[in-house]
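Participant: Please model the complete structure; the sequences and the hints are all you need to start from.
2 protein chains.
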Amino acid sequence: MEHLKKVKLSEIDITSGFWAERQKRNAEVTVYAVRDRYEETGRFGAFDFDYTEGSDKPRPHYFWDSDVAKWIESVAFILAKRPDETLRAQVELLIDKMEAHQDENGYLNIYHTVIEPDNRFRDRDHHELYCLGHLIEAGVAYYNAVGSDRLLKVLDRYIDYVIRVFTVEKSTGFTSPGHEEIELALYKLYETVPDEKYKKLADFFIEERGKDLIPIGAWCNAKYSQNHLPVREQRTVEGHCVRANYLYSGMADAARLNGDEAMLSACRALFGDETEKKMYITGGVGSSHHGEAFTVPFDLPNDTAYTETCAAIALAMFANRMKDIDIDSRYADAAERALYNGVLSGVSLDGRSFFYENPLEINLADHGRHTSVRDGDRLPITERQLNFSCSCCPPNITRLIADLGEYFCSYDETRVFVHQYASFTARFGGVGLEMQTDYPCGGKIALKISGAAGKTLYLRIPGWCGAFTLNAPYRMEKGYAALDVPSDSFFAELTLEMKPVLTAARPEVRADAGCAALTYGPLVFCVEAADNDFILSDLRLPENASFTASFDPYFGAPTFTAQGSVTEEKDLRALYFPLKDLRQRRVTARFIPYFGFANRGPSDMRVWIRV
Amino acid sequence: MEHLKKVKLSEIDITSGFWAERQKRNAEVTVYAVRDRYEETGRFGAFDFDYTEGSDKPRPHYFWDSDVAKWIESVAFILAKRPDETLRAQVELLIDKMEAHQDENGYLNIYHTVIEPDNRFRDRDHHELYCLGHLIEAGVAYYNAVGSDRLLKVLDRYIDYVIRVFTVEKSTGFTSPGHEEIELALYKLYETVPDEKYKKLADFFIEERGKDLIPIGAWCNAKYSQNHLPVREQRTVEGHCVRANYLYSGMADAARLNGDEAMLSACRALFGDETEKKMYITGGVGSSHHGEAFTVPFDLPNDTAYTETCAAIALAMFANRMKDIDIDSRYADAAERALYNGVLSGVSLDGRSFFYENPLEINLADHGRHTSVRDGDRLPITERQLNFSCSCCPPNITRLIADLGEYFCSYDETRVFVHQYASFTARFGGVGLEMQTDYPCGGKIALKISGAAGKTLYLRIPGWCGAFTLNAPYRMEKGYAALDVPSDSFFAELTLEMKPVLTAARPEVRADAGCAALTYGPLVFCVEAADNDFILSDLRLPENASFTASFDPYFGAPTFTAQGSVTEEKDLRALYFPLKDLRQRRVTARFIPYFGFANRGPSDMRVWIRV
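For the protein sequence lines, the chains are W and X, in the order given. For what it's worth, the working numbering labels the leading residue of the first sequence as 1, then goes sequentially. For what it's worth, the working numbering labels the leading residue of the second sequence as 612, then goes sequentially.
Accuracy of the hints is not assured; some may be wrong.
Stated by the list, open to error - Listed next, with one range per pair, are the computed distances between beta-carbon atoms: (1) T172/W x R1184/X: 42 to 48 Å; (2) D729/X x R164/W: 57 to 63 Å; (3) C390/W x N1155/X: 50 to 56 Å; (4) R1184/X x P542/W: 43 to 49 Å; (5) D581/W x D659/X: 44 to 50 Å; (6) E632/X x R585/W: 46 to 52 Å; (7) A1185/X x P194/W: 35 to 41 Å; (8) V804/X x R585/W: 43 to 49 Å; (9) G665/X x C390/W: 42 to 48 Å; (10) D581/W x A1185/X: 56 to 62 Å; (11) A1185/X x R475/W: 20 to 26 Å; (12) L997/X x I381/W: 41 to 47 Å; (13) F1166/X x D581/W: 24 to 30 Å.
Hint data in this document are derived by calculation from the structure and do not stem from the laboratory. Owing to the predicted nature of the structure, the values given are computational and were not obtained by experimental measurement. All residues carry an ideal CB built from backbone N, CA and C; glycine is no exception.
Facilitator: Quick look at the structure:
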């Protein structure tokens, strides 16, 4: 097993370009937009722990703690890079409240304090440990950002309580949480505050999974929460996609921290199953609304795709852990695919509104006109939302964008890995990196590496890249161009050939049969009715279609046009007619980046185009 | 409005060929298979009216009366053509029981006698009037077949009771039935026993629809049972497809019997909406399992198609009424399309098992492997069934096949119409017809018409037919070749050009974009994994594909092979890859008639093929 060290947020700054602009908007707009919704909906107020049944206050849901925790974590990542007294004060106030309302025994959960105090840790689907996990991640991030360990101290007391009731008294109603998250959070805490008890508890939850088999029911079957097998025996990704990838992320941490090769082997198989059989081209996962879940291999319907923003984020999290323990560019490839597409589509271009679901096809005619519309209750919503009653996605994307630097580099004594490309500066383990690029708009990458003479620099050659040039001798290793750094101040110049490419799916993917998607570097494109005055499913591109690029500041990315054809409808009357009677007319189709869909109002949209 | 007379079952015999063989199997196998299932499931036993809660007898469902009624009707149509003392004795016994157990006030319904006697005519979705309607159709058929009016007398008393409580006392919980059927049945009875009270009651039910608006709920919204508008204002087909087409059939009868042009106009619009926007190429209707219903225009998904056998039958019934009041070949075209495809697929080739749903695509991998499979609970079943808990389809197809002659011809004083082609003899209104053809295997049709000198013979030129020859001068009228019959014994020779044709759908039909279906005459074809060792969705045919025909006695119809291409998978590893890397290999694809799918066990299947 490899043991690369991840370059941490404190060691890297994204300085300009595509992601820097999004980080700026995230810190200035999005984190405030989420805050405002949380104030309006009573999520912050709930931390007063004063809800009573029948009162005017909004009734807390049992996952509200986690929503706010992710927001605190987002703020912490932002504070790590820029002061913001408003946000910091609000976090301090929340910590005050948690300190004030924590039980004497350490327990801390709003819902099970004000509504069901007698049912603590009785229902494994009540997200108490999930909420704790997110609070731990928030506490760690806040500690790392501003040095305050107040929240960590509160949580340490809670964790001691959890250790007691789950592992000593064994008095709880379940042993593995219904929604994973606490595992990866405890490992993260352990790496910040190296107390073995944290790792031991995380190990406990990981090991218990698949042992406490529960009866199979409509909403609570074993696969839904990856409880169908002990974790090392799991080889196919199953069930709720966010739960699954949070578990796999925790398993990857466990593999690394415990040197557990069997666990790594399971993680490797799970990642392969997920990215080679069950992942959309956007990096989205979750083919079904039923259980927000994986289904069967190659079942990737576009219009009823669930592809929750959180699931794409969770896949990126899993991939970002795997890249450091099992060197292979496929991990950073998958993270990149998700980040630029299925994750980024979850937030509007102006940073103010969100998508929970990120389908790859929208047909407005199917929506809402009848109660009996085919799967009408399951088709994704088509208009970006300011908030959600289940509000996991908005603060999840907020924290991810703020923390994005942690996806870029890793290293050990002899090697420096660059996994993602953007203009950034980093300093870690005596090495300095300074990258300049307009990626993903272009593929020219200039990298100054200092303090690394004698080490080997590994530059990921993305899976989408057919050709590249590098200004120094290199060898390919597991998808990385590896070059021996000749001097303590070396300039590497990497040029990734970046051009519009029609991309196909394996023939097993029925939903994409006979179609291709336009990609350009890591970006996936779509056509929207907002730009194209024809039936989108009717568009056909020649296999050798020629694409004209133009940079569009609205999207902050290139857009493309191409000549295609659609059916000439002038003489059509019948529903069915001989194919030979079909006439085509030429049209110019405009392609925009998938991440920017539905920013100009609801619109028909399509990623996969007939060829 | 036209007023053609339909040639009745008693006036026509299908003598040999495609349908004659199916009628034989129907009379010798299928009607007995249904009988056996009805004995096993207690449907016949329920007519003892002795079920009590907690007893060992199967609990009657409130639609069981209708299942048995359709079986009686099937027997009657069979008895009209061939003696069968076994079947006749069983019908007589059922009539004995109905006579014995009819309430003194005339009421006759098993469920609401033995289980909910206090809730008669309280719940409009409890199918009491639907059951009565089917009993009426059975009574009429039995009377026409064997001359016995025992059942009609029982029903006359029941109808008097219905007239009293619905129209005089107005003591019922609803005024228009939740499931239409009684309307068309009462009109049919009126035409057999011309008592005005029958027509008046049918008119009442037709007119009440859309007036007694009910609150919109999940399973009982107004459109579900066509209750959203008064019938003459309805212009788009809505809701449950069987209910809808039974209503429209009744409306067509009402238009004819009352000379109601506004009603005809509604029927015409409804038929256009149904067949030009919401009908599968198989003549199936019902795009959604939700409510077994129509959805929005051009929403015709293939794998989740509901397309119930009963709905295709009901469309044929509606079309068969319209052809006599609004001369246009589109009606008989639609009936033909349904009969040869979406209806006939509902019964197995051996006549012993059935499909309720008739999808146009089956992918076994999607079925049953997970509880969370995408729409797993809604995908059609893939194996033909001996019986169904809701058993409307088996006796519906049985009665239709036995009664098929009623779809063939109609006439008035000066005109004779031939709407469907098969070898048959008919005698009506002084005219004799004798047709010889191997249709639909071939397009040569020889017709001897006698006693018709001076009349005009109208031969339908099917919509699928691109060219034809006729051995006499003719003019085209509304899709019919009209020729003046020159002598009292005239031989017409019609040859319909019949060849394999790739058929496309309008571009609005997203599910079929970029695809074509193979058709040959009225037959639609499919590919099955049983014959084809490749991923069916991956098959691509050249637009000018060449088809080789061979008659297959197993299907009793032609089958075809053609050269196509599929993806060469040898070097594929990634889920997504540049289209230009895709290599094709040639394959020979075998096409079988759609009506014969899933007769060799569950199998992947597909109608629409990429071109």
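Participant: Are the hints correct? Go through all of them and say.
Facilitator: Tested hints:
1. T172/W x R1184/X: 42 to 48 Å: holds (44 Å)
2. D729/X x R164/W: 57 to 63 Å: Given about 60 Å between the Cβ atoms, the range holds.
3. C390/W x N1155/X: 50 to 56 Å: holds (53 Å)
4. R1184/X x P542/W: 43 to 49 Å: violated (27 Å)
5. D581/W x D659/X: 44 to 50 Å: violated (60 Å)
6. E632/X x R585/W: 46 to 52 Å: The hint (46 to 52 Å, Cβ to Cβ) holds, given that E632/X and R585/W are roughly 47 Å apart.
7. A1185/X x P194/W: 35 to 41 Å: holds (40 Å)
8. V804/X x R585/W: 43 to 49 Å: With Cβ atoms ~59 Å apart, the hint is violated.
9. G665/X x C390/W: 42 to 48 Å: Given a distance of about 45 Å, which is inside 42 to 48 Å, the answer is holds.
10. D581/W x A1185/X: 56 to 62 Å: violated (39 Å)
11. A1185/X x R475/W: 20 to 26 Å: holds (22 Å)
12. L997/X x I381/W: 41 to 47 Å: The hinted range 41 to 47 Å holds for L997/X and I381/W, with Cβ atoms some 43 Å apart.
13. F1166/X x D581/W: 24 to 30 Å: holds (28 Å)
Hint violations for this structure: numbers 4, 5, 8 and 10, all remaining hints satisfied.
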